[in-house]
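**Student:** Given chain A, put chain B in place with the hints provided.
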Amino acid sequence: MTALFTASDLVVRFGRTTALDGVTLAISAGDRLGIVGESGSGKTTLVRCLLGLQTPTAGALTRTPDAQLVFQDPRSSLDPRMRVRDIVAEPLTSRRLRSQYPRAVRRARAAEVLTQVGLRPDEGDRYPHEFSGGQRQRIAIARALAPRPTVLFADEPVSALDVSVRAQVLNLLTDLVDTEQLTLVLVSHDLAVVRHLCERVVVMRTGRIVEQGPTEQVYGHPREDYTRELLAAVPTLGSLDGRGPADGLRR
Amino acid sequence: MRRASLVIGTTLVALTVLSGLLSLVWTPFDPVGVDPRSALQAPSGAHWLGTDQLGSDVFSRLISGAQICLVVGLVSVGIAAVVGIPLGVLSGMGPDWLSRLVVRVTDVLYAFPAVLLAILLAAVLGGSTVTGLVAIGVATIPVFTRVTRAGALQVMSQDHITAARVAGIGWFTIARRHVLPNIAPLLGVQASVSFAMAVLAEAALSYLGLGTQPPTPTWGRMLYDARVLLFSHPGLALWPAAAIAAAVLGFNLLGDGLRDLLDPRLREVR
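These protein sequence lines map, in sequence, to chains A and B.
FYI, the numbering for the first sequence is -13 to 237, going by the working numbering.
FYI, the numbering for the second sequence is -15 to 254, going by the working numbering.
Calculated directly from the structure, the hints in this document are not laboratory data.
A couple of the hints might just be wrong.
[To be verified] Partner residues aside, some chain A positions facing chain B, computed with beta carbon under 7 Å:
id : residue
1  : Arg2
2  : Leu64
3  : Pro77
[What the hints assert, rightly or not] Each pair of labels, with its calculated beta carbon distance range:
id : chain 1 : residue 1 : chain 2 : residue 2 : range
4  : A       : Pro51     : B       : Arg88     : 22 to 32 Å
5  : A       : Pro51     : B       : Leu82     : 23 to 33 Å
6  : A       : Pro200    : B       : Arg88     : 31 to 41 Å
7  : B       : Leu8      : A       : Arg84     : 44 to 54 Å
8  : B       : Val(-9)   : A       : Phe0      : 50 to 60 Å
[Stated by the list, open to error] A short list of chain A residues far from chain B (calculated; beta carbon distances all over 10 Å):
id : residue
9  : Thr3
10 : Ala15
11 : Leu105
12 : Ser118
13 : Val151
14 : Gln167
15 : Gly206
16 : Arg214
Where is the CB? At the ideal position from N, CA and C, for every residue including glycine.
Bound-form chain A, shown alone (with noise of 0.2 Å):
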């Protein structure tokens, strides 16, 4: 397998404060990674690194521009003053990929995203204040479909919606990851919804990688405290209905 993404050794430091505090990752095609970890552990400034958004103080890091990220936000993330249609369509006028989409294709482009989540292509038409939560994260991962990358970043892409909203937005990426065959890297500190999607789980705090592995060994063996700590806090929703945590998913 090649690998997509390697850091060694990386370090991020703003002022006196240590973001990251060496962390060595590969990441390969087909990879399906969870990264938790309690807040302010690293996660998002690693993602960041991988994204190519913040340049590390110290390390080593190769990376593979076909990436694209879903926010945790998407009130955030979509521009108030563009069309839905038009922010689906924005990846594909970057200098990269302008020549291969021109106006048409670009248009017909958004048209099919918009319906492989589950949008019809003439609400592509409205602006994003007149969609619901989960309908602007479908946008929001419509448009990180749009220019086909082999990486998808979802940083915590459903602890802004609705407990209803989340399975549903869960499952799609679930099924799009497998349809599409994307790479996946999510950041979460939800261990429930990193257990559904991902294979394998790096633990992060302060900076460090403390632990990773298969999500399975580590979800049921964890070999840190620091781990263990985390399952532990995990609220165990599924046993209000006598299944397990994120059982109400579809698999």
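**Tutor:** Showing chain B alone in chain A's frame:
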């Protein structure tokens, strides 16, 4: 309510513009004509708003005054916007050192009141309409820079900018596609407020003799000339004052109305 401010604002601005245009082709009397025999007449069928102490027709001077008002407003706001907005975008999006540099320069410029700039310019060029509008325009640059910078910083902190960067969209395109449209309402309101301020500043500069020189009619100059007759002939001060107030209010209301009209979030959902 929203409609109302747009309608009233448009009406007042249209009135000012139409007066200015009308005065280019027709005025009842020569606005700069002097006729001492008919000085200080009360309003009549011939002189609709009466005459001033030199016997000039007040109505003719009033509608001609709209020309200078609009020219000074447009050109000075234009100067301020053309220089100030790019500077603001640059400091809102650019690297830290550039951002700081622009802020420092802006602060220095901000410390100079329009009147002081006008005095400096008038010392070099002599008092004229051009001196006035350049002074007002330059003095308004930092206002636009600040508003643009503040707006740009706010927009830049949003995830849709990050999304565009991840997708490989260039800085210039981000500025044009995301930053400027999102701060356009802010700038529109600022432009209308600055326009109003420019009209006032022009009146003040004319009053001080640093702006437009007599006999060219301006509302500020008319106000100045009327001050000694405030109690005997209040109408002479009332009309230019009302014209200034109407223009200032009109541009403010128009700015508010446009801001709301241009915001898709406030538009009725179809």
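**Student:** Was Gly206 of chain A rightly flagged as not at the interface, with every chain B Cβ beyond 10 Å?
**Tutor:** Correct as stated: the minimum Cβ-Cβ distance to chain B is 35 Å, above 10 Å.
**Student:** Quick check on Pro77 of chain A please, does its C-beta sit within 7 Å of some C-beta on chain B?
**Tutor:** 4 Å, holds
**Student:** Within 50 to 60 Å: is that where the Cβ-Cβ distance between Val(-9) of chain B and Phe0 of chain A falls?
**Tutor:** 51 Å, holds
**Student:** So is Gln167 of chain A really clear of chain B, every C-beta pair being over 10 Å apart?
**Tutor:** 20 Å, holds
**Student:** Verify the CB-CB distance for Pro51 of chain A and Arg88 of chain B against the hinted window 22 to 32 Å.
**Tutor:** The hint (22 to 32 Å, Cβ to Cβ) is violated, given that Pro51 of chain A and Arg88 of chain B are roughly 37 Å apart.
**Student:** Val151 of chain A: least C-beta distance to chain B exceeds 10 Å?
**Tutor:** Label holds. Min Cβ-Cβ 19 Å, cutoff 10 Å.
**Student:** May I ask you to test the interface hint for Leu64 of chain A with respect to chain B, counting a Cβ-Cβ separation under 7 Å as satisfied?
**Tutor:** Status holds, d = 6 Å.
**Student:** Is 23 to 33 Å a correct range for the gap between the Cβ atoms of Pro51 of chain A and Leu82 of chain B?
**Tutor:** 26 Å, holds
**Student:** Using 7 Å as the Cβ threshold, decide whether Arg2 of chain A counts as touching chain B.
**Tutor:** 17 Å, violated
**Student:** Is the nearest Cβ of chain B still more than 10 Å from the Cβ of Arg214 of chain A?
**Tutor:** The claim holds: Arg214 of chain A sits with its nearest Cβ about 33 Å from chain B, beyond 10 Å.
**Student:** Could you tell me whether the CB distance from Leu8 of chain B to Arg84 of chain A stays inside 44 to 54 Å?
**Tutor:** Roughly 48 Å apart at Cβ, these two residues keep to the hinted range, so it holds.
**Student:** Mind verifying the non-interface call on Thr3 of chain A? Its CB should be farther than 10 Å from each CB in chain B.
**Tutor:** Holds, since 17 Å exceeds 10 Å.
Of the numbered hints given earlier, the model fails hints 1, 4, 6; all others are met.
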